[in-house]
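Asks: With chain W held as given, fit chains B, A and R onto it using these hints.
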Amino acid sequence: MSQDMATSADDRAESIRLIRDSAAAIAPPGGDLKRIRACRFRAPCFDAAVWEQMGSLGWTGLRVPEAAGGAGLGMGEFCALAEQLGAGLVPEPFVASALSTGLLAAALGHADSLRGSGAAGEALAAVLEGRALVLTAWQERANSLDAPGTHGAPRMFLPMAGGATHFLVPVREGAGLALYLQSASGADLTLEPTQDGGVFGTLRPEGGVKIMDDTSALLPGALGEAALGTAAMLLGVMDRAFAMSLDYLKTRTQFGRAIGAFQTLQHRAADLKMQVALTRASVEAAAATLDAGAAAAQRVAVIARAKARASEAAMLVTRQAIQLHGGIGYTDEHDIGLYLRKAMVLSNQFGGAALHRRAFMAVAPESADD
Amino acid sequence: MSQDMATSADDRAESIRLIRDSAAAIAPPGGDLKRIRACRFRAPCFDAAVWEQMGSLGWTGLRVPEAAGGAGLGMGEFCALAEQLGAGLVPEPFVASALSTGLLAAALGHADSLRGSGAAGEALAAVLEGRALVLTAWQERANSLDAPGTHGAPRMFLPMAGGATHFLVPVREGAGLALYLQSASGADLTLEPTQDGGVFGTLRPEGGVKIMDDTSALLPGALGEAALGTAAMLLGVMDRAFAMSLDYLKTRTQFGRAIGAFQTLQHRAADLKMQVALTRASVEAAAATLDAGAAAAQRVAVIARAKARASEAAMLVTRQAIQLHGGIGYTDEHDIGLYLRKAMVLSNQFGGAALHRRAFMAVAPESADD
Amino acid sequence: MNAITGTPPQDLNLLPDHAFRLHVRRFVEATYPAEIRNPPKRLHWSENKAWYMILAGQGWLAPGWPREWGGMALAPTKQIIMIEEFERYGCARTNDMGIVMIGPLLLKYGTADQKQRFLPAILRGEHVWCQGYSEPNAGSDLASLRTEAVLEGDDYVVNGQKTWTTLGSDANWIFLLVRTDRAAKKQEGISFLLVPMDTPGITVRPIVNLDLHDEFCEVFFDNVRVPATHLVGEANKGWTMAKALLGFERIHLGSPKQSAYALQRLRQLADRMGVADEAGFQDNFARLWLDLEDLKALYETYVERLRRGEGLPPDVSMLKVIQSELFQRITDALLEIAGENAGLLFYDDFSSVLRMIE
Amino acid sequence: MNAITGTPPQDLNLLPDHAFRLHVRRFVEATYPAEIRNPPKRLHWSENKAWYMILAGQGWLAPGWPREWGGMALAPTKQIIMIEEFERYGCARTNDMGIVMIGPLLLKYGTADQKQRFLPAILRGEHVWCQGYSEPNAGSDLASLRTEAVLEGDDYVVNGQKTWTTLGSDANWIFLLVRTDRAAKKQEGISFLLVPMDTPGITVRPIVNLDLHDEFCEVFFDNVRVPATHLVGEANKGWTMAKALLGFERIHLGSPKQSAYALQRLRQLADRMGVADEAGFQDNFARLWLDLEDLKALYETYVERLRRGEGLPPDVSMLKVIQSELFQRITDALLEIAGENAGLLFYDDFSSVLRMIE
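Residue numbers (the working numbering), protein chains in the order written: chain W, 150 to 519; chain B, 150 to 519; chain A, 157 to 514; chain R, 157 to 514.
Just so you know, the hints here were simulated from the structure itself, not pulled from any lab data.
A few of these clues could be false.
[As the list claims (entries may be wrong)] Heads up, simulated EDC-like pairs for lysine to aspartate or glutamate below, C-alpha to C-alpha not over 20 Å straight-line:
hint, chain 1, residue 1, chain 2, residue 2
1, A, Lys476, B, Asp420
2, R, Lys476, W, Asp420
3, W, Lys399, R, Asp471
4, A, Lys452, B, Asp420
5, B, Lys422, A, Asp471
6, A, Lys197, W, Asp481
7, A, Lys234, A, Asp167
8, W, Lys422, R, Asp471
9, W, Lys422, R, Glu456
10, B, Lys422, A, Glu456
11, B, Lys422, A, Asp167
12, B, Lys399, A, Asp471
13, W, Lys422, R, Glu481
14, R, Lys452, W, Asp420
15, R, Lys197, B, Asp481
A quick note: this is a predicted structure, and the numbers were derived from the prediction, not measured.
For reference, chain W alone in the conformation it holds in the complex:
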């Protein structure tokens, strides 16, 4: 490795470290979840003030190019922050919003002739300040990473949709996939509660202004980045759940011994540690690959790998974490259960393990030679 490359790698690591530390503002490492409990099952299920704070910290525009008013940071930083937010079970829809800001910024760059670009610019600016939340209403069925853009079809699984101010709706028009910006006020939206205390919204899209003629070349990559961000959140979820379990094993006693001294529990803890380590390696390698500007197939492959691993490992680790806590783990009062509930929501968001394994196999023969 040349000296230059080493320095730039060090700079990068430092930038990621800084972002990681800054997350403590919203997701305190101590792990007090009072705010999280206060938000859950109560519309809009997150805190508008915190969202605004995330805007002022530059997080809502983390990936948005500097030219468009964002911080212009890479996937390494994005994943580091997502991980911390996952560890803190932060309900504000960081990843889902980033999917939309990416599309809004692209729309501004591409389509200044369209009627809607003014509206797009205003919406983006409001999100960057944490005053608005734009959700992309792309999904028409479960278990899919495909946005068919069917005219009039309901768009499902919109996280925290009760707090959205706008929706972005891809609509098939001829050979292209146009993108419409629709205000949330007056929208035909139904909400269903989710295990983590949030909601999934279903939108029947209507009206709005077109802000882009064809987003079909952009959307798959943007969904891929959202999948990787979700994998990073899951990494944070399982990492924290595992750490809590280790603490528990060290401090609780049974029959006069710390329960962590029991061989069976040690082995189970070691298994979980490996899952966390593998997930971390996979997520961080994927982020680095994306930031290094890899080709499309390679990007799909590393994202698929990271999300497949994170989805399965998070369910395993959070469920086992409850078991390692014994009876108390099964009470709603104890925080450890919140981690499983979060994993249940995030594991299948932007594609579950099976879907991503198939995605990997579809591109892997092109990308796996090393």
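Replies: Structure of chains B, A and R alone, referenced to chain W:
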């Protein structure tokens, strides 16, 4: 349950118990494997004298109808004996021979007009006395329970073929699957050693006399019974390997404790015990279902279930048994390794786990309602 | 004698097994309240009392009790058939601790007065019992049981805490294991007490568990005075009695029905999601199905032992382990094919993921 | 100085990593003996000596030793590249205990005489070493080490037994951990001795392992006299020295290469058996492949630590656990699709099922 049924069930249980006990003649429960070691890797890899003894005990004709000179016993007895032979790692090809005697007996019943029936009768009589070994050369490729009867195609995986006196060869003739009886002397036969110290033979069939015009209706059922018999052998293999491991855990000490006192080893032993118990339940239920004269689909389903379970469980149990023995388990000197070697051969014989799972799914919708 | 109608019920042992099964099936189909069929959660007394009283009216509440105390004196095989038919139809479990635990306990160790006082009250649905065994931080062998009862005059004075008390907030009586001899070791020095829940000093606090249901409670005892006549059997012999109560019901814990029902839901969900014919799904489904069938076969071998009048060996407990592990894997498959729906709070029965498997 | 040619080798640390990699690759491709490429089993000295001497001639035998002792003094990153390239081409492991263990040991703890006597002899291929650590019934922490050495005059007298001595029948020297203070506890009281294998009283007995290979030996010591000058470092400090030898080579134990090679074989076998396109196979293959890629990524994080000049944390050992478990699952898949062929003694490399994973 009526009183009559109860009595007949008791009689049946007693008959099975008697067969099980009688197996001690060849497969001593003490588990001395000197004879087994003496046979392995030395042609014909089994003991002709023991084969004759098995004839005089009535085992080579266990399933052959009394009218044809056999004992006319059911699958319950057949599986009980096969289990004991598996536990003793008995190399004499009990199950493979039973497949052939079944076909020979059927040929005698069906086809007295054919030129070969005299030869078939002689061959059967010789097998019943343990003076001959007839193997059915049905298999043309690995991972199959299908006998296409391709003219001239080599027939593979003939166990203990070096000791065979005759081969039965199904050959497609028009719409039927004719059965030929060919002498082993002068046959084009190649032998390859197997992990358990035996051989697989490959026969290029040639000549012989036709003893049946169409065996296509019989062969699938006969192969199914062979699969179940093999599952029963695997049950014996794993049951004995597990018992040896339990003994080992109880008697060996490390750091001044019986190693069986270590929690992790206890858990692993408990897992293996469950696999043995599930296999036993599955094999015995299948044998009972066959003996009760179930319909074809139901027979396929229960056999598939038993063989799928036995194949996977045997590999798991015998491999773990070696690990439970620690270093000594990895030496050829210690008997525990012989059980894994046997499992490696039997697991895929007459269909491996995946093949049988597919077979189950193909018939299960018709048979699984209870 | 039937506690409700006063008429002795028919001796159903006289029916052949199959006829008995059809008899039970017809009764269940005719009388079971439709609105509580296949409940996703354990029901409270307010929800399952109707069915309890229907069973009481039929004289079928206490299959294992002797006929002179209003039971059916049913052979174990027939009791299992009854359970199977109830499960098959999706009947809810009732608040059955009085039937399953207190009845057999008093019949074996109770005084004549205790039997007369408590057994008919159970059959009438007047006494609803809960079980006070588990304590915080106690192992399953109760070696570290700490709730204490000290004899003062004619009363025991009870102090301590019980937890994971199933449906404790429904009950008006609780049966307790308490430490009556602090000097004795481990399971010795433990006694069995019957305590009205309205005794001063008892506080009940529901535990909301992970699927947000208040099936369990904590019960606190602060100088609770219990008449010494509410001691069952000898003092300090409570653990022996508690163990003796673990009868053939243990087989019930390993019943394959929970997994069978989940597998059926998996098949339905796969149809609904359009993946039922995918090879990947089929492959996994085949494994789960075969594992279920083998579990059924193994379960059947233990039932067969009961049928032959033999006892259950300790290894019957492996049924529960196998069933839990299988149920977990089926739930995993459900979650996987449900996709994003798995994150919904109310969708199919996924909160089972969050449920402690008893 | 190169022990064979007498010329100092080029300092390859000066090459950029990528150029170094190509340099190694070209050398291996040009010189590696074709007949021992990708050996299915660990080779004996008679089989791998040719390659050992080729490396010796190039001055590449001892990448980690200092240049003044004939080593390459190669940075850890470059040592890993070397290992990767050797593995990539399928090079056999040599009898390398002298290089990997004795060299570093003597360089750190040996006397000047010991270095002068032993190090050049290793590089010339004259001394072939084996390791005498494991004993029957001993735990991995050597707490119960029983082979004993008692000082009598100028000699230690050694009695006891070692086992699982890799390639012990090839070696003419053995390094031993022996107990020299019976009163001391556990790992204290253990010393390090260098012993010629032809000393009277030593008996070597090959162990035939499950894949019918004699890779391991038992070594018996019956009043074996060893000059006290063959003690390394201080007496009773052997365990500390042994631990210090476990350097960055630990990462090698978790190398993904074994699994990568097995997965490649799985793909080839699937093609041969005609199942490569079946959804069931694809599903399982995808899992294995993804697990391999994640293992590679995790392995890479530890290599990266070395690259940054950091040490390896104790949890590097998890690589080995993950790799063993993955290798096992790939082997299971191989066995399954091989069908009846899996039972053959000589077919592909299935005897790996029977091999103890080191």
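Asks: Hint by hint, note whether the structure agrees.
Replies: Quick rundown of the hints versus the structure:
1. A/Lys476 to B/Asp420: holds (13 Å)
2. R/Lys476 to W/Asp420: holds (13 Å)
3. W/Lys399 to R/Asp471: At roughly 18 Å apart (the allowed maximum being 20 Å), R/Asp471 and W/Lys399 satisfy the hint.
4. A/Lys452 to B/Asp420: holds (18 Å)
5. B/Lys422 to A/Asp471: holds (10 Å)
6. A/Lys197 to W/Asp481: holds (16 Å)
7. A/Lys234 to A/Asp167: Holds: A/Lys234 and A/Asp167 sit about 12 Å apart, inside 20 Å.
8. W/Lys422 to R/Asp471: Within the cut-off at roughly 10 Å; holds.
9. W/Lys422 to R/Glu456: holds (17 Å)
10. B/Lys422 to A/Glu456: holds (17 Å)
11. B/Lys422 to A/Asp167: Given that 20 Å is the threshold and the Cα spacing comes to 40 Å, the pair is violated.
12. B/Lys399 to A/Asp471: Since the Cα atoms of B/Lys399 and A/Asp471 sit roughly 18 Å apart, the hinted pair holds (cutoff 20 Å).
13. W/Lys422 to R/Glu481: With a Cα-Cα distance of about 15 Å, the restraint between W/Lys422 and R/Glu481 holds, given a limit of 20 Å.
14. R/Lys452 to W/Asp420: holds (18 Å)
15. R/Lys197 to B/Asp481: At roughly 16 Å apart (the allowed maximum being 20 Å), B/Asp481 and R/Lys197 satisfy the hint.
Of the numbered hints listed earlier, the single one contradicted by the structure is hint 11.
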